[in-house]
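Undergrad: Chain residues, written in single-letter form:
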Amino acid sequence: MSWALVKQQWRSIRQTRSRLQSWTYISVLYCQLLFFKQPSAHTSHSTAINWFPHLSRQKSYVGNALRALLQSLYLVFVYQPPQRRPKPTKRTSYWRKLWQRLTRQNSAEALADHTSHSMSGGIWWFSNRIVIAIATAACLFALTLPMSAPQQGLLLLIFWAIALWMRKRPGNYASLVMMLLSIFTSTRYIYWRVTETVRWDVPLDATLGLLLLFAELYAWSILILGYTQTAWPLKRQVAKLPQDTSQWPTVDIYIPTYNEPLAVVRATVLAAKAIEWPEHKLNIYLLDDGGRHDFYSYCQQVGVHYLAREGNTHAKAGNLNAALQQTNGDYIAIFDCDHIPTRGFLQLTMGWFLQSPDLAMLQTPHHFFSPDPFERNLAIFRSRPNEGELFYGLIQDGNDMWNATFFCGSCAVIKRQPLLEVGGIAVETVTEDAHTALKMHRKGYQTAYLNIPLAAGLATENLADHIGQRMRWARGMAQIFRLDNPMLGKGLNLAQRLCYSNAMLYFLNGLPRLIFLMAPLAFLLLDSYIVFAPAVMIAAYALPHIIHANLTNSRKQGQFRHSFWAEMYETVLAWYIFKPTTMALINPHKGKFNVTAKGQQVGETFFDWRISTPYLILITLSILGFCFGIYKLFTVQNDDLLTVVLNLAWLSYNLIIIGGAVAVAEEAKQQRNAHRVAVDYPVTAFTTGEHAYAATLVDFSAKGLGLMFPGEVPVKVGEVIKVTLARGHQQSTFNCQVLSCRKHLVGTQLIFQDWREEQRFIQSTFGRIDAWVGWRAHAEEQPLASLREVIGYGSRGYRRVAAQVAPLLLPFFSVFSRYSHWLLSFLPQSPKPRYME
Amino acid sequence: MKVVAIQSLFPGAGGTSITAHLMTALEKSQQTVLGIDLCPYNDLRLWFGMPRNELTGWTTASGELAQAMQQHRQSSEFGVSYIPTGEAGFTANDIVRKFCGSDSPLSANTFEKSPDILLLNLPSADAYALQRLLPLSDLVLQVWAPEPRVSYRLQQFVRDNSFVASDIPHSLFFLENLQAPALELNNDISAIIREQLSDQAQVPACVSRDQHICEALATQQTTFEYSAGSAANREFLTIAKWVCNELGVS
Chain A
91 MSWALVKQQW
101 RSIRQTRSRL
111 QSWTYISVLY
121 CQLLFFKQPS
131 AHTSHSTAIN
141 WFPHLSRQKS
151 YVGNALRALL
161 QSLYLVFVYQ
171 PPQRRPKPTK
181 RTSYWRKLWQ
191 RLTRQNSAEA
201 LADHTSHSMS
211 GGIWWFSNRI
221 VIAIATAACL
231 FALTLPMSAP
241 QQGLLLLIFW
251 AIALWMRKRP
261 GNYASLVMML
271 LSIFTSTRYI
281 YWRVTETVRW
291 DVPLDATLGL
301 LLLFAELYAW
311 SILILGYTQT
321 AWPLKRQVAK
331 LPQDTSQWPT
341 VDIYIPTYNE
351 PLAVVRATVL
361 AAKAIEWPEH
371 KLNIYLLDDG
381 GRHDFYSYCQ
391 QVGVHYLARE
401 GNTHAKAGNL
411 NAALQQTNGD
421 YIAIFDCDHI
431 PTRGFLQLTM
441 GWFLQSPDLA
451 MLQTPHHFFS
461 PDPFERNLAI
471 FRSRPNEGEL
481 FYGLIQDGND
491 MWNATFFCGS
501 CAVIKRQPLL
511 EVGGIAVETV
521 TEDAHTALKM
531 HRKGYQTAYL
541 NIPLAAGLAT
551 ENLADHIGQR
561 MRWARGMAQI
571 FRLDNPMLGK
581 GLNLAQRLCY
591 SNAMLYFLNG
601 LPRLIFLMAP
611 LAFLLLDSYI
621 VFAPAVMIAA
631 YALPHIIHAN
641 LTNSRKQGQF
651 RHSFWAEMYE
661 TVLAWYIFKP
671 TTMALINPHK
681 GKFNVTAKGQ
691 QVGETFFDWR
701 ISTPYLILIT
711 LSILGFCFGI
721 YKLFTVQNDD
731 LLTVVLNLAW
741 LSYNLIIIGG
751 AVAVAEEAKQ
761 QRNAHRVAVD
771 YPVTAFTTGE
781 HAYAATLVDF
791 SAKGLGLMFP
801 GEVPVKVGEV
811 IKVTLARGHQ
821 QSTFNCQVLS
831 CRKHLVGTQL
841 IFQDWREEQR
851 FIQSTFGRID
861 AWVGWRAHAE
871 EQPLASLREV
881 IGYGSRGYRR
891 VAAQVAPLLL
901 PFFSVFSRYS
911 HWLLSFLPQS
921 PKPRYME
Chain B
272 MKVVAIQSLF
282 PGAGGTSITA
292 HLMTALEKSQ
302 QTVLGIDLCP
312 YNDLRLWFGM
322 PRNELTGWTT
332 ASGELAQAMQ
342 QHRQSSEFGV
352 SYIPTGEAGF
362 TANDIVRKFC
372 GSDSPLSANT
382 FEKSPDILLL
392 NLPSADAYAL
402 QRLLPLSDLV
412 LQVWAPEPRV
422 SYRLQQFVRD
432 NSFVASDIPH
442 SLFFLENLQA
452 PALELNNDIS
462 AIIREQLSDQ
472 AQVPACVSRD
482 QHICEALATQ
492 QTTFEYSAGS
502 AANREFLTIA
512 KWVCNELGVS
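Top line first, the protein sequences correspond to chains A and B.
Quick note: the first sequence uses our numbering, first residue 91, plus one each step.
Quick note: the second sequence uses our numbering, first residue 272, plus one each step.
These aren't lab readings, by the way, just hints derived from the structure by calculation.
For each residue, glycine too, the CB sits at the ideal point set by N, CA and C.
It is possible that part of the hints are untrue.
[Claimed, not checked] In silico DSSO-like links for lysine-lysine, alpha-carbon gap of 30 angstroms or less:
no., chain 1, residue 1, chain 2, residue 2
1, A, K669, A, K680
2, A, K680, A, K580
3, A, K812, B, K299
4, A, K833, B, K299
5, A, K371, A, K330
6, A, K325, A, K812
7, B, K512, A, K812
8, A, K533, A, K371
[Claimed, not checked] Restraint-style ranges between C-beta atoms, simulated for each label pair:
no., chain 1, residue 1, chain 2, residue 2, range
9, A, D770, B, F361, 47 to 55 angstroms
10, A, A869, B, D459, 45 to 53 angstroms
11, A, R104, B, E348, 47 to 55 angstroms
12, B, E348, A, Q333, 53 to 61 angstroms
13, A, P368, B, D459, 19 to 27 angstroms
14, A, K806, B, E348, 29 to 37 angstroms
15, B, D459, A, K793, 52 to 60 angstroms
16, A, I841, B, D459, 35 to 43 angstroms
[Claimed, not checked] Sample of chain A residues with no beta-carbon within 10 angstroms of chain B, all distances over it, derived:
no., residue
17, V96
18, A305
19, I314
20, N411
21, E518
22, Q559
23, R560
24, D729
25, L738
26, F776
27, A782
28, P804
29, G882
30, P901
31, P921
With these hints in hand, go ahead and build the complete structure from the sequences.
TA: Written out as structure tokens, the structure is:
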């Protein structure tokens with residue numbers, strides 16, 4: 091690098107930029123070149139990394155010097171490059187044995203083991219207990235040790251440094267260390283809150299303070315239960331079936347339906363018929379609780395069994411139980427009527443049943459090929475993890491480690507005998523699936539989870555339906571908690587009790603969430619000291635708790651749920667699940683099963699005032715509190731200044747989250763009733779002139795195909811073309827009528843001659859064995875980026891409300907949004923590969 | 272230099288068109304290729320723009336084989352090298368005998384510019400040609416089309432080439448041409464024949480029936496030059512990739 095070259099570059103840059111801009115530009119350029127870029131980055135475009143991604147996006151260079159400085163500090167002191175993760179681990183017998191040792195103390199088996207132990211075993215047992223006792227005492231001492239604010243701050247810094255160091259370490263042990271740090275800091279905080287921060291002498295403060303304390307104790311419990319549940323996800327692999335198909339068992343496929351249209355059910359029936367399993371060992375039953383004649387005719391036509399019953403007592407559970415009496419397969423695979431199975435569903439799941447005779451149920455993920463209301467209304471479909479990914483991506487894998495996988499009602503296989511032993515599908519609650527699994531666990535059976543999407547269905551179509559479905563789940567879980575509490579009764583080990591309790595307690599989050607949303611108002615509006623402690627102490631204790639919980643969850647869950655999104659999901663539901671869960675806890679026998687509507691349309695974009703009313707009230711109160719807070723900033727005495735600032739910060743965060751919740755209430759237009767799935771498959775299109783064109787299938791639905799041609803579109807609107815799709819080595823051709831031609835894209839409508847052709851189409855698309863694998867690129871989660879996103883969605887919520895009630899305010903939001911983006915652009919960002927830009 | 276021999280299971284199965292397109296596809300895959308036509312119909316040249324009335328080729332030349340090859344080596348407008356058979360009234364057996372009669376017909380020294388891959392277009396359904404050239408080839412592609420006669424021809428192929436019945440050589444593969452999944456009979460025949468053939472003996476790709484190919488021949492060029500959007504281009508590139516992989520050339 092010669093000086094002349096630098097001068098030449100300087101002159102070149104100066105031609106288009108000011109002196110300051112040029113200096114910034116060249117500094118960043120050489121900084122990247124000299125310090126950050128790896129040698130390979132110069133030669134391979136795909137591996138080149140942009141260490142200052144937000145600088146290249148800024149058109150204006152004002153402030154770039156500061157951005158570069160902040161980013162450099164972040165890269166030097168905070169950023170840790172991602173490390174290669176190890177291969178998935180198998181279920182280690184060590185962990186099982188350790189846990190069994192801790193949980194089977196009172197079982198007959200453990201007793202037998204104990205009595206047969208030799209003397210050395212007895213010494214080991216005794217020394218083990220001594221070590222546990224000493225460790226527990228040390229932990230209790232550390233948890234309860236009083237500290238001043240500086241000491242607590244120092245502890246925060248040390249723990250924070252350890253957590254940041256561990257955060258990017260590969261493997262589960264680093265996660266466990268982070269969890270322990272988080273549990274320690276959170277428990278210290280909770281101990282401090284319980285023992286030192288409740289003001290008992292003022293009734294209002296005591297009442298509100300205890301309410302907040304209750305919410306925090308709830309959150310702390312859920313945090314620890316969640317860590318336990320996901321401590322070591324099993325990541326089960328596929329178990330092979332024997333080569334000899336005569337050893338494969340008989341399977342009944344149940345497709346329960348009630349009021350869904352035939353168009354939705356048809357694809358599921360055809361895909362079920364196409365599942366690859368010996369024909370004489372597979373029976374498909376459509377369980378029609380609606381008793382519809384057209385369903386009966388359709389079943390006759392395609393050759394599947396049609397079962398209907400008198401009435402529809404106990405809804406879906408009753409429907410399944412009625413079928414159980416009339417069929418006799420060794421195993422039962424259950425698919426909701428919109429869940430289209432892939433052709434390999436049974437071959438990939440049944441192996442575990444043959445390997446483990448005690449296995450009673452195997453669950454696979456519920457995958458959705460249509461956007462849920464969050465994904466549609468916030469336009470994040472397939473770009474961010476959806477609401478269910480945390481459960482099916484991490485929690486169920488965690489449950490599997492503890493033999494506590496829940497049955498989720500669909501996309502699962504159940505062994506008939508254990509199911510009959512527990513009296514069929516549970517009917518006492520409205521979440522019959524989880525309750526059935528609980529009963530089977532109590533009988534000592536195992537359940538398993540295979541985290542491969544082998545079926546896909548339709549997500550709820552609008553926010554109201556989504557909330558309705560979650561209300562049912564919440565009510566059902568609360569019912570189980572009351573009627574068949576997992577912490578009580580026989581048959582479960584401690585881990586199973588904790589996993590089930592977490593699942594049920596999670597749905598009681600309505601009240602705690604509402605308390606958190608309103609807590610800062612207690613001080614700002616009512617002058618109530620609900621946390622009776624100096625603000626600096628609150629910060630010293632609360633910050634470690636919050637930071638560690640977020641860092642740990644970001645590491646464990648980031649791939650499946652980005653930071654800060656949980657708050658938004660829970661806030662949307664909080665008000666609505668509060669009432670049914672409370673009622674179910676008081677009177678668990680009340681409440682009926684509501685069917686989730688599928689395959690609906692949203693004619694026009696509209697704002698759902700009915701759903702968002704509670705949140706608009708919360709917003710009004712919060713804005714009022716914010717105004718009071720601003721007033722207090724200038725009038726309050728010095729002692730309370732930090733308290734006001736803390737409450738204002740908390741309130742601002744709440745306002746962002748509620749804004750995000752309100753943003754989801756604007757229902758985006760959805761006119762297709764057959765959802766299109768975006769793909770990238772090579773296909774061949776034959777024109778009427780028998781010319782074959784290489785095309786790409788860019789999307790498909792049950793009714794049409796979207797094609798992209800590399801050059802000029804060779805077809806015309808109205809023309810009927812043939813499109814060939816590959817299915818393994820086989821190829822199938824379908825007639826399609828061209829509906830639209832735009833540049834290289836062609837929209838077509840499928841024309842099926844008969845149901846067999848439709849079935850071939852389902853096999854080539856929805857039923858492909860790899861249809862749902864690699865659905866969404868898993869990028870590493872960035873908490874700061876998530877925060878920026880959530881702030882953006884919060885702001886969008888207010889803009890949408892303003893558009894409805896005060897359009898004159900919209901220019902204000904534009905200006906606000908622009909300046910917010912400008913301010914947020916100063917936040918450091920994680921480096922990105924250049925190909926992602 | 273690797274040698275690939277291509278033969279139709281029966282006349283009209285499309286061995287010559289496969290040879291021509293595979294040559295072009297391999298050229299596009301950065302391989303230097305030379306195609307030699309051993310078929311008495313002398314059609315390979317037509318895909319590369321050689322005037323129809325020009326009937327000379329390596330069989331029409333006298334003297335050493337190497338010299339004849341060199342003398343009649345042609346290059347298409349798009350840079351693909353080929354050597355036509357020529358029309359001197361020889362039968363298929365005569366041509367093969369003439370080609371194989373030389374001391375070392377397929378050594379790299381035969382050609383002034385030795386190609387990476389040498390493609391031989393064998394006479395259709397000719398057991399003698401296959402018998403003579405199979406040992407000299409690294410890869411042999413038997414081209415078949417899903418027509419009613421294919422089943423009989425396949426039986427005949429097994430009868431004529433008894434070595435196939437006992438143990439199919441590792442270098443011998445069957446390639447399906449003119450596949451038309453939209454046509455029921457064609458589709459059924461295709462499925463039946465594929466079922467009969469061992470998976471290990473089938474090229475894991477096929478060529479669709481495409482009017483572009485006929486039109487390209489009418490204009491004396493391959494589909495690569497005739498129509499950029501043709502499905503055949505993608506299919507031939509896939510087969511070329513597979514061929515390179517089988518031959519171990521990158």
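Undergrad: State the violated hints by number, sorted upward, taking the hints as numbered earlier in the document.
TA: Those not satisfied are hints 6, 15, 16, 26, 27, 28.
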